[in-house]
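Asks: Sequence:
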Amino acid sequence: MAILGNIIKGVINLKDTFSNEIDHIEAQNNVLEELLNKAKDTQFGEFYNFPELLNSKNIAESFSQNVPFFDYNKINDEWWHKLHNGERDVTWPGAPSYYALSSGTTGKSSKRIPVTDDMIEAIREAGIKQVFALKNFDLPADFFEKEIMMLGSSTDLKHKDDHLEGEISGITASNIPSWFRGYYKPGEEIAQIDDWDERVKHIAERAEDWDIGALSGIPSWIELMLEEVIKYHNLETIHDIWPNLKVYTSGGVAFGPYEKSFKALMGKPVTVIDTYLASEGYIATQVRPETDAMQLNTDNGIYFEFVPFKPEYINEDGSLTDDAPALTLKDVKLNQDYALIISTVSGAWRYLIGDTIEFTDIQRAEIKITGRTKFFLNTVGSQLSVNKMDAAMRELEEQFSTKIPEYTICAKRGEDGEFYHFWYLGADCDASNCDAMAQALDNALSDANKNYKVARSKALKGVKVSVINPDRFYDWNAKNKKKGGQVKMERVMNEDKFAEWEDFVN
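Under the numbering used here, the letters of the sequence shown match residues 160 to 665, in that order.
It should be emphasised that the hints constitute simulated quantities derived from the structure, not laboratory data.
A few of these clues could be false.
As the list claims (entries may be wrong) - Derived pair list, reagent style DMTMM-like, types lysine to aspartate or glutamate, alpha-carbon separation capped at 20 Å:
| id | residue 1 | residue 2 |
| --- | --- | --- |
| 1 | Lys-390 | Asp-370 |
| 2 | Lys-216 | Asp-230 |
| 3 | Lys-647 | Asp-370 |
| 4 | Lys-623 | Asp-520 |
| 5 | Lys-241 | Glu-185 |
| 6 | Lys-492 | Glu-525 |
| 7 | Lys-623 | Asp-655 |
| 8 | Lys-571 | Glu-661 |
| 9 | Lys-199 | Glu-211 |
| 10 | Lys-360 | Glu-324 |
| 11 | Lys-427 | Asp-230 |
| 12 | Lys-571 | Glu-659 |
| 13 | Lys-489 | Glu-185 |
| 14 | Lys-427 | Glu-574 |
| 15 | Lys-547 | Glu-418 |
| 16 | Lys-617 | Glu-659 |
| 17 | Lys-609 | Glu-471 |
| 18 | Lys-216 | Glu-237 |
| 19 | Lys-492 | Asp-451 |
| 20 | Lys-469 | Glu-205 |
| 21 | Lys-638 | Glu-418 |
What the hints assert, rightly or not - Here are the in silico distance ranges between beta carbons for each label pair:
| id | residue 1 | residue 2 | range |
| --- | --- | --- | --- |
| 22 | Ala-658 | Asp-490 | 38 to 44 Å |
| 23 | Pro-470 | Asp-490 | 17 to 23 Å |
| 24 | Ser-215 | Ser-625 | 31 to 37 Å |
| 25 | Asn-653 | Ser-560 | 54 to 60 Å |
| 26 | Lys-419 | Asp-276 | 37 to 43 Å |
| 27 | Asp-490 | Arg-365 | 46 to 52 Å |
| 28 | Pro-470 | Pro-402 | 49 to 55 Å |
| 29 | Arg-553 | Asp-200 | 47 to 53 Å |
Bear in mind the structure is a predicted one, so any value in this text is a computation, not a measurement.
Beta carbons are placed, not taken as given, at the ideal position from N, Cα and C, and that holds for glycine.
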């Protein structure tokens with residue numbers, strides 16, 4: 160009998176019995192007031208007169224009227240650079256204990272994003288919320304005795320001055336509670352290996368020693384790890400070695416593009432739970448099995464605002480126009496794309512995180528990630544967001560009986576001087592299908608997006624498709640950034656980057 164598992168499951172059920180449903184709007188008002196109070200004596204708080212904002216009749220409205228939008232470059236140039244020079248109390252009291260290094264999906268150079276002790280605590284609290292939400296997924300008691308494979312970046316953080324640096328997944332893994340370490344795999348020794356291929360090699364060698372019940376990590380890198388384990392042990396599926404694998408917590412990107420290729424590695428159904436951990440904080444987590452939408456962590460260190468994601472509010476580089484309206488949770492609507500703005504206990508203020516979301520349930524504060532502000536393709540008015548591109552990929556997978564976990568696109572002029580959308584699809588099908596796939600892709604986008612259909616009748620001449628091995632996308636990431644961790648493929652490239660990409664592929 161799974162004695163420990165029953166105890167853990169009982170504690171989770173008991174916690175739910177004494178929990179009240181969160182009033183997300185009230186929680187957000189409280190979080191904003193707490194943020195302003197704690198930061199009022201910082202350089203940022205004094206500059207933007209936080210004490211006066213706290214005394215206003217409508218704190219949220221005064222906050223949005225008096226504090227401008229920031230993206231990473233703007234807040235780093237104006238404020239965070241002082242932290243790198245040793246100053247304290249800049250945008251948050253004290254100095255950060257960590258910096259999350261992130262090149263994201265758009266560049267080689269790393270951003271250095273402050274991660275304070277308050278943020279570590281907020282992430283830990285959000286993780287506990289995720290554990291308690293497992294009650295809703297009707298998992299057997301013995302699941303809570305199995306081990307959890309967390310595949311992120313290296314936990315061998317680098318010492319620099321008075322802080323540590325690394326990717327956010329490595330920072331969070333290095334701060335897991337002591338009681339959890341017995342469940343955590345691949346374990347501290349392997350997790351500290353910086354070279355991703357070497358780390359995965361050690362995981363494959365040790366895989367039969369572990370009883371994995373859950374996986375956690377970015378889909379593309381989880382899949383490559385699973386493939387290596389399957390290959391090393393000459394298996395049919397991953398369940399041949401980890402028969403009790405029941406849960407996969409996905410994060411970093413939408414799981415949809417990887418669903419078909421992920422299932423192909425499984426021998427039995429696995430519950431997929433979406434999470435949204437960014438370098439700037441733990442944004443949201445899925446708490447119900449009836450939906451794959453995620454609930455914003457509204458009561459825990461992050462204040463959210465939402466800018467309608469419309470061309471008139473977005474600059475060419477993906478930043479926001481100064482007059483873009485920012486809505487609070489009480490004013491949002493369903494099925495509308497919003498650019499996500501956050502203010503956090505790490506001293507990010509009205510910060511454009513770069514993701515776009517839509518609400519699926521406002522009362523529950525549940526969202527889906529729909530794309531990136533920089534991956535919005537509006538050349539000649541086509542207005543394509545990543546979620547529309549992802550949906551088109553699912554149609555191609557069905558029509559051509561293939562898997563397309565990766566893709567990228569560029570809008571540019573062809574040899575005839577006309578504008579085309581040039582697509583590279585990472586697929587396991589015959590490259591001779593390119594013309595047929597281009598036609599099917601064009602039809603799918605025209606049917607799903609009226610703006611794209613109008614563009615096709617005017618300045619957008621057509622679609623060109625190249626099919627390549629998905630491994631080339633991972634090789635590109637390894638060349639430009641680093642394998643594993645938080646590294647993700649850019650879905651939309653500008654012409655200069657696309658020229659580099661084509662040189663690499665060829």
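Asks: Taking the hints in turn, state whether each one holds.
Replies: Do the hints match the structure? See the list:
Only pairs whose Cα atoms come within 20 Å are accepted, and Lys-390 paired with Asp-370 is accepted, the gap being roughly 18 Å. Taking the CA atoms of Lys-216 and Asp-230, the gap is near 28 Å; set against the 20 Å cutoff, the hint is violated. In summary, the hint linking Lys-647 to Asp-370 is not supported, as the alpha carbons are separated by about 29 Å, beyond the 20 Å threshold. For the hint linking Lys-623 to Asp-520, the alpha-carbon distance of about 37 Å lies beyond 20 Å, and the restraint is violated.
For the suggested pair Lys-241 and Glu-185, the alpha carbons sit about 34 Å apart, so the restraint of at most 20 Å is broken. Between Lys-492 and Glu-525 the CA atoms are separated by roughly 12 Å; this keeps the pair inside 20 Å, and the hint holds. With a C-alpha separation of about 18 Å, the suggested pair Lys-623 and Asp-655 falls inside the 20 Å cut-off, and the hint holds. Between the alpha carbons of Lys-571 and Glu-661 the distance comes to roughly 13 Å, so the proposed pair stays at or under 20 Å and holds.
Only pairs whose Cα atoms come within 20 Å are accepted, and Lys-199 paired with Glu-211 is accepted, the gap being roughly 9 Å. With a C-alpha separation of about 25 Å, the suggested pairing of Lys-360 with Glu-324 is violated against the 20 Å cut-off. Straight-line distance between C-alpha atoms of Lys-427 and Asp-230 comes to about 43 Å, which puts the hinted pair past the 20 Å bound. A hinted pair counts as satisfied when its Cα atoms are at most 20 Å apart, and Lys-571 with Glu-659 qualifies at roughly 14 Å.
Among the hinted pairs, Lys-489 with Glu-185 is consistent with the structure: their alpha-carbon atoms are about 10 Å apart, no more than 20 Å. Taking the CA atoms of Lys-427 and Glu-574, the gap is near 49 Å; set against the 20 Å cutoff, the hint is violated. For the proposed pair Lys-547 and Glu-418, the alpha carbon gap of about 16 Å is at most 20 Å, so the pair holds. Taking the CA atoms of Lys-617 and Glu-659, the gap is near 29 Å; set against the 20 Å cutoff, the hint is violated.
The hinted pair formed by Lys-609 and Glu-471 meets the criterion: a straight-line CA distance of about 18 Å does not exceed 20 Å. Proximity of Lys-216 to Glu-237 is assessed by CA-CA distance (about 29 Å); at most 20 Å being required, the pair is judged violated. About 19 Å separates the Cα atoms of Lys-492 and Asp-451, which keeps this hinted pair within 20 Å; it holds. The straight-line distance between the Cα atoms of Lys-469 and Glu-205 is roughly 33 Å, outside the 20 Å bound, and the hint therefore fails.
The suggested pairing of Lys-638 with Glu-418 is violated, with an alpha-carbon distance near 26 Å, which exceeds 20 Å. The given range of 38 to 44 Å is respected by Ala-658 and Asp-490, whose C-beta atoms sit roughly 42 Å from each other. At about 21 Å, the CB distance of Pro-470 to Asp-490 agrees with the hint of 17 to 23 Å. The supplied range of 31 to 37 Å is broken by Ser-215 and Ser-625, whose beta-carbon atoms lie about 56 Å from each other.
A hinted range of 54 to 60 Å is violated for the C-beta pair Asn-653 and Ser-560, which are about 33 Å apart. Between Lys-419 and Asp-276 the beta carbons are some 41 Å apart, a value that agrees with the proposed interval 37 to 43 Å. For Asp-490 paired with Arg-365, a C-beta distance near 51 Å keeps the hint of 46 to 52 Å intact. Between Pro-470 and Pro-402 the CB atoms are about 51 Å apart, so this pair conforms to the stated range of 49 to 55 Å.
Taking 47 to 53 Å as the suggested C-beta distance range, the pair Arg-553 and Asp-200 conforms, at roughly 51 Å.
Hints 2, 3, 4, 5, 10, 11, 14, 16, 18, 20, 21, 24, 25, counting from the list given before, are not met by this structure.
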